[in-house]
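**Q** Single-letter residue listing:
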Amino acid sequence: MSFSTLLLLIIAFSLCSFFFSSSSAFKKIKSATSRPSALPKHYGQYSLAWTLFPAFLLLIVFTIIGPIYVDNFFKQQIALTEASYDKAKIELVLAMIKNISNGSISSDEPKILKLADEYSNYLSKIYLFRTLSVLLLSSILGIIISSNINILKNSRVKVETFYRILFFVSAVIAIFTTVGIIASLLYESLRFFALYPFFDFLFGLHWAPNIAIRSDQVAAQGSFGMLPVLLGTILVALIAMIVALPIGLFSAIYLAEFASKRVRDIIKPTLEVLAGIPTVVYGYFAALTAAPFIRKIGMTLGLDVSSESALAAGAVMGIMIIPFISSLSDDIINSVPQSLRDGSLGLGATKAETTIKVVLPAAFPGLVGAFLLAVSRAIGETMIVVMAAGLSANLTINPLETVTTVTVQIVSLLTGDTEFDDIKTLSAFGLGLALFAFTLILNVIALVVSRRLSEQYD
Amino acid sequence: MVDKKNNLKFKTKNVSVFYGSKQAINKISLDIEEKQITALIGPSGCGKSTFLRCLNRMNDVISNCSVNGKILLDGNNIYSDEIDPVLLRAKVGMVFQKPNPFPKSIFENIAYGPRIHGIGNNRAELTDLVHHSLEQAGLIDEVKDRLDDIATGLSGGQQQRICIARAIAVNPDVILMDEPCSALDPIATAKIEELMSSLSKSYTIIIVTHSMQQAGRVSQKTAFFHMGDLIEYGETPKIFTQPDQQKTQDYITGRFG
Ligand SMILES: Nc1ncnc2c1ncn2[C@@H]1O[C@H](COP(=O)(O)OP(=O)(O)OP(=O)(O)O)[C@@H](O)[C@H]1O
Ligand SMILES: [Mg+2]
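Chains as they are written, first to last, in our numbering: chain A, 1 to 458; chain B, 1 to 257.
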């Protein structure tokens with residue numbers, strides 16, 4: 001039976017056990033003399049949980065472990081019969097066996113065919129075993145629990161435990177996947193740093209990876225100094241924040257403090273829609289409209305503006321971030337208690353004075369947090385810079401020149417035909433790690449700052 | 001006290017207030033004497049706060065609130081176009097039900113109003129003013145060594161007196177107090193009542209309270225509101241001993257409300 005059929009079956013089982021248990025608890029409670037310790041539905045949920053979750057876990061375990069076990073078994077088989085094969089060759093044969101057994105390729109080698117046959121036999125045996133054990137576990141537990149409803153036992157507490165475990169497991173999964181991603185990033189980066197000195201990467205002033213177009217091309221090893229790329233990222237993000245911060249913050253202040261309810265009800269959802277525009281659209285805008293426009297203005301002023309300037313990418317990125325900052329700040333400003341405003345207005349302060357001297361200081365910790373979140377977003381932003389910033393890594397702070405950013409480099413290093421143990425490919429992981437570290441530091445600063453400041457304010 | 005002739009500070013004539021289409025108070029006409037304490041009492045929702053907030057136009061802050069009728073402060077209609085509500089509020093200060101000091105230092109809380117109105121141009125003058133206001137609010141001994149501490153770290157009663165000191169610091173004529181003691185314990189309440197009595201020598205005070213005893217203790221005049229109407233207004237001892245209206249009698253004896 002397939003995974004989904006099995007899952008549906010055990011869900012059906014557990015629903016049955018839910019209804020059976022709750023109705024039997026209901027009957028018992030009705031005829032009982034003493035006060036029951038839980039409601040019928042708690043007994044139902046209790047037996048549902050026992051019918052569903054252990055079987056579900058078993059199903060997951062079989063589904064993950066089963067094929068791995070079979071593969072290992074066959075690797076051993078192959079190694080035993082063909083002693084001359086090395087590891088890579090064994091993997092190859094195994095892959096062939098698997099492909100033949102699921103019918104995607106065919107072979108005329110009898111030895112291989114026989115193995116493939118055995119493979120599919122073995123696998124279907126495992127799956128049969130999976131089906132039987134899962135169904136058995138589910139039904140046995142379901143029957144035992146639901147036929148032994150004891151209304152003097154408090155199943156509410158046990159259901160509560162189940163919920164707690166459920167939420168805990170979800171949290172653990174969330175954390176573990178994150179940790180896993182970071183670990184793989186670290187692992188690949190370490191491979192890169194084995195090929196390229198760490199400090200040369202961190203402090204190098206020259207970035208020229210020269211990606212190999214063909215694997216047989218003899219290319220000189222590029223140089224992987226991260227600083228120009230990082231500087232490009234910072235420059236673009238800085239321009240973005242210079243555009244986004246004042247406009248975003250001031251529009252939030254307008255919305256929260258000055259706009260009438262009608263205006264607010266229109267603008268707020270509009271901002272949220274703007275925040276939902278895919279960044280590739282902004283990228284379009286940057287590459288096709290903003291960059292040529294800036295170049296034309298530069299030309300009339302007699303300035304030499306490259307066609308892919310940091311200014312264009314940064315400005316459009318800023319425009320993208322405006323609704324983000326504005327919406328967040330609006331919420332933060334709104335959460336400042338009205339009583340503070342009343343206090344200030346009651347002393348004869350004007351609305352602007354109240355906003356500047358009372359509301360904004362009270363909202364400051366939250367605003368710092370929002371601002372740093374926006375910075376992290378600008379730094380991690382990819383699409384706009386891929387489309388509007390350049391590829392050449394210039395060590396410059398002139399916004400009219402072409403710069404490249406960390407994200408752009410990662411994209412260009414990893415797209416197209418690349419070899420996965422090539423130094424150029426691996427350097428992308430080094431960049432990824434650097435980017436991760438940078439935004440992590442920013443987020444930690446944001447956290448510390450807003451915590452410090454809010455201690456001061458309440 | 002009863003036969004003392006006082007100037008009128010506020011004259012209100014047929015003041016009605018609407019929140020949207022809902023009427024909150026109905027044609028209130030009430031004259032308030034200078035340098036006296038006037039108490040507004042009545043069951044919850046009868047419009048006491050609404051009326052109080054008319055007197056310094058704090059109702060302007062509420063978007064759907066409209067005020068009809070005439071309110072004269074020293075003979076000038078405060079709802080006329082020439083009156084700047086910001087200046088009015090400097091003259092008619094307000095203390096709220098919940099203590100609402102700013103999340104700033106004690107000093108900055110008191111200095112806030114004077115700074116805004118350009119009173120106390122240098123640091124020395126400002127410091128004097130802050131000390132003087134705290135002294136008037138009876139708080140100086142408790143906080144003089146910690147003027148730089150954050151005001152929200154004080155106790156509720158101290159916070160409320162900070163708010164009173166803050167209002168005094170801009171040198172108003174009138175102080176409006178909306179249930180200033182409802183969040184406080186009896187000792188803090190007693191301190192604030194004492195403070196009100198001493199402040200009434202220099203300020204006109206209008207206080208909303210749910211405590212009959214408080215109204216009896218501190219006020220010279222009492223107005224009884226019921227469902228948006230002014231039922232009775234007179235000398236406090238009279239209202240509490242021999243009211244003219246049956247409704248007032250019922251309320252002060254606790255038969256409803
Ligand atoms: N902002 C507002 N919007 C709409 N209606 C309001 C608003 N403020 C007060 N009201 C209504 O106006 C009426 C009078 O309210 P008000 O706050 O003046 O009563 P109150 O006498 O101060 O009551 P309490 O003693 O409970 O403070 C009430 O019916 C109230 O629901
Ligand atoms: Mg009130």
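Where hints are given, some of them may not hold.
[Said to hold, decoys possible] BS3-like mimics (lysine-lysine), calculated; alpha carbons at most 27 Å apart, straight line: (1) A:268 to A:296; (2) B:22 to A:357; (3) A:351 to B:91; (4) A:351 to B:98; (5) B:104 to A:351; (6) A:357 to B:201; (7) A:357 to B:70; (8) B:191 to A:357; (9) B:22 to B:35; (10) B:144 to A:261; (11) B:191 to A:261; (12) A:158 to A:30; (13) B:70 to A:351.
Treat the hints as calculated values from the structure; they're not laboratory data. Keep in mind it's a predicted model, so treat the numbers as computed, not measured.
**Q** Would you mind marking each hint as holding or not holding in the structure?
**A** Each hint, compared with the structure:
no.	hint	result
1	A:268 to A:296	violated (34 Å)
2	B:22 to A:357	violated (34 Å)
3	A:351 to B:91	holds (17 Å)
4	A:351 to B:98	holds (21 Å)
5	B:104 to A:351	holds (18 Å)
6	A:357 to B:201	violated (32 Å)
7	A:357 to B:70	violated (33 Å)
8	B:191 to A:357	violated (30 Å)
9	B:22 to B:35	violated (34 Å)
10	B:144 to A:261	violated (43 Å)
11	B:191 to A:261	violated (41 Å)
12	A:158 to A:30	holds (22 Å)
13	B:70 to A:351	holds (25 Å)
Comparing the model with each numbered hint stated earlier shows that hints 1, 2, 6, 7, 8, 9, 10, 11 do not hold.
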